[in-house]
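Protein chains: 2
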Amino acid sequence: MKDIVHRVGIKAPIAKVYDALSTIEGLARWWTTTTTGSSRIGGDVAFRFHTETGDEIGGFDMEVLELVPEQKVRWRVKAGPAEWVGTDIEFLLSRQDDYTIVMFGHRKWREEVEFMAHCSTKWATFLLSLRDLVETGKGRPAPHDLRIGNWH
Amino acid sequence: MKDIVHRVGIKAPIAKVYDALSTIEGLARWWTTTTTGSSRIGGDVAFRFHTETGDEIGGFDMEVLELVPEQKVRWRVKAGPAEWVGTDIEFLLSRQDDYTIVMFGHRKWREEVEFMAHCSTKWATFLLSLRDLVETGKGRPAPHDLRIGNWH
Numbered sequence: 320m321k322d323i324v325h326r327v328g329i330k331a332p333i334a335k336v337y338d339a340l341s342t343i344e345g346l347a348r349w350w351t352t353t354t355t356g357s358s359r360i361g362g363d364v365a366f367r368f369h370t371e372t373g374d375e376i377g378g379f380d381m382e383v384l385e386l387v388p389e390q391k392v393r394w395r396v397k398a399g400p401a402e403w404v405g406t407d408i409e410f411l412l413s414r415q416d417d418y419t420i421v422m423f424g425h426r427k428w429r430e431e432v433e434f435m436a437h438c439s440t441k442w443a444t445f446l447l448s449l450r451d452l453v454e455t456g457k458g459r460p461a462p463h464d465l466r467i468g469n470w471h
Numbered sequence: 320m321k322d323i324v325h326r327v328g329i330k331a332p333i334a335k336v337y338d339a340l341s342t343i344e345g346l347a348r349w350w351t352t353t354t355t356g357s358s359r360i361g362g363d364v365a366f367r368f369h370t371e372t373g374d375e376i377g378g379f380d381m382e383v384l385e386l387v388p389e390q391k392v393r394w395r396v397k398a399g400p401a402e403w404v405g406t407d408i409e410f411l412l413s414r415q416d417d418y419t420i421v422m423f424g425h426r427k428w429r430e431e432v433e434f435m436a437h438c439s440t441k442w443a444t445f446l447l448s449l450r451d452l453v454e455t456g457k458g459r460p461a462p463h464d465l466r467i468g469n470w471h
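Chains as they are written, first to last, in our numbering: chain E, 320 to 471; chain V, 320 to 471.
Same shape as in the complex, but just chain E:
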């Protein structure tokens, strides 16, 4: 099994970061504007991605496995690209200095495919979108996300 890991520090209270990770409204403001469903434990959250002109280009359905206020959010991918199905995504929160630290893991990839490397870089840019949202009120959710190559 292969894992993508990242770490960002956000100059904001842990409650604000947890809110952006555990509510539909929060997720829609840093990952993808088309986020729907239930973000409670056992619920399914549907993330969809569109081009800037509105054509749907894919998405993921996640089951919420764990929610520990101000500490942890964990999802399992139920539907989406084959490489993602069955993988887990986690956000662990803690405080260091004046920062809320987000330890991110996208775990249990079956193989280190080229798409995994793309997703690793893309996750970094979305975590910085999360940081910008919480620190400044403005993230860069899809379809306004930072392009990193021919795969978007």
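Think of the hints as simulated: they come from the structure by calculation, not from any bench.
A couple of the hints might just be wrong.
The list makes no distinction among identical chains, and a pair is therefore deemed to hold if it is satisfied within one copy or across any two copies.
[What the hints assert, rightly or not] Think about it this way: if two alpha-carbon atoms lie no more than 20 angstroms apart in a straight line, the pair counts; the simulated DMTMM-like pairs of lysine to aspartate or glutamate are:
no. : residue 1 : residue 2
1   : K330      : D416
2   : K321      : D407
3   : K427      : D322
4   : K321      : E430
5   : K391      : E433
6   : K391      : E431
7   : K330      : D417
8   : K330      : E433
9   : K427      : E409
10  : K321      : E431
11  : K321      : E409
12  : K427      : D380
Given the structure of chain E, go ahead and fit chain V onto it with the hints provided.
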């Protein structure tokens, strides 16, 4: 062993990307301005990091293991933080659509420590600095790099 992987696409000829990865001058323009040494096979490249006010805060010495023009650059870390020593860093280049694709790997971490997650995110930002350098002529090498948290 744990690996960091990333993938970015750069709208520029493969030779320009290879040049930025295989010369001291190129490396200094996207990773850290204080880059010295020999970038030939068997040479050692010294990367040093400073604060914006000029205090040295650390660095790495790399031996150049492989150089295949327009295809591959690979280094081994000889000195630096304990977690980095003995790890390998590789850049594999190819063409897809109108892009030069950089497949990046920082391989053979002994453990998935918090510092590895920080370095994963940081590598993403430096690879986007490489992209910006090659596409626009201006990268964001340290000490002008994008800060991602309390560890810089």
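With 20 angstroms as the alpha-carbon cut-off, assign the pair K427 and D322 to within, between, both or neither.
-> Intra 6 angstroms, inter 14 angstroms, cutoff 20 angstroms: intra and inter.
Quick one: K321 to D407, C-alpha cut-off 20 angstroms, is that within a copy, between copies, both, or neither?
-> Both ways: K321 and D407 sit 11 angstroms apart in one copy and 17 angstroms across, limit 20 angstroms.
Check K321 against E431 for me: Cα-Cα at most 20 angstroms, and say if that holds within a copy, between copies, both or neither.
-> both (6 angstroms within a copy, 11 angstroms between copies)
Within, between, both or neither: K330, D417 at alpha-carbon 20 angstroms | within (6 angstroms within a copy, 38 angstroms between copies)
Classify it for me, K427 with D380: is the Cα-Cα distance of at most 20 angstroms met within a copy, between copies, both or neither?
-> This pair counts as within: shortest intra-copy Cα distance 16 angstroms, inter-copy 33 angstroms.
For the identical chains here, do K391 and E433 meet the 20 angstroms Cα criterion within one copy, between copies, both, or neither?
-> between (28 angstroms within a copy, 16 angstroms between copies)
Since the copies are identical, ignore which copy is meant and state whether K330 and E433 lie within 20 angstroms (CA to CA) inside a copy, between copies, both or neither.
-> Cα proximity of K330 and E433: across copies only (18 angstroms, versus 33 angstroms in one copy).
Measure nothing new, just compare the shortest in-copy and cross-copy C-alpha distances for K391 and E431 to 20 angstroms and report within, between, both or neither.
-> between (26 angstroms within a copy, 19 angstroms between copies)
Is it within, between, both or neither when you check K427 against E409 at 20 angstroms Cα-Cα?
-> Within. Shortest intra-copy distance 11 angstroms satisfies the 20 angstroms Cα cut-off; inter-copy 23 angstroms does not.
Are the CA atoms of K321 and E430 at most 20 angstroms apart within a copy, between copies, both, or neither?
-> both (6 angstroms within a copy, 13 angstroms between copies)
Checking K321 and E409: alpha-carbon separation at most 20 angstroms within a copy, between copies, both or neither?
-> This pair counts as both: shortest intra-copy Cα distance 14 angstroms, inter-copy 18 angstroms.
At 20 angstroms max between alpha carbons, let me know whether K330 reaches D416 within a copy, between copies, both or neither.
-> The answer is within: 9 angstroms in one copy meets 20 angstroms, while 39 angstroms across copies does not.
In summary, this structure violates none of the numbered hints.
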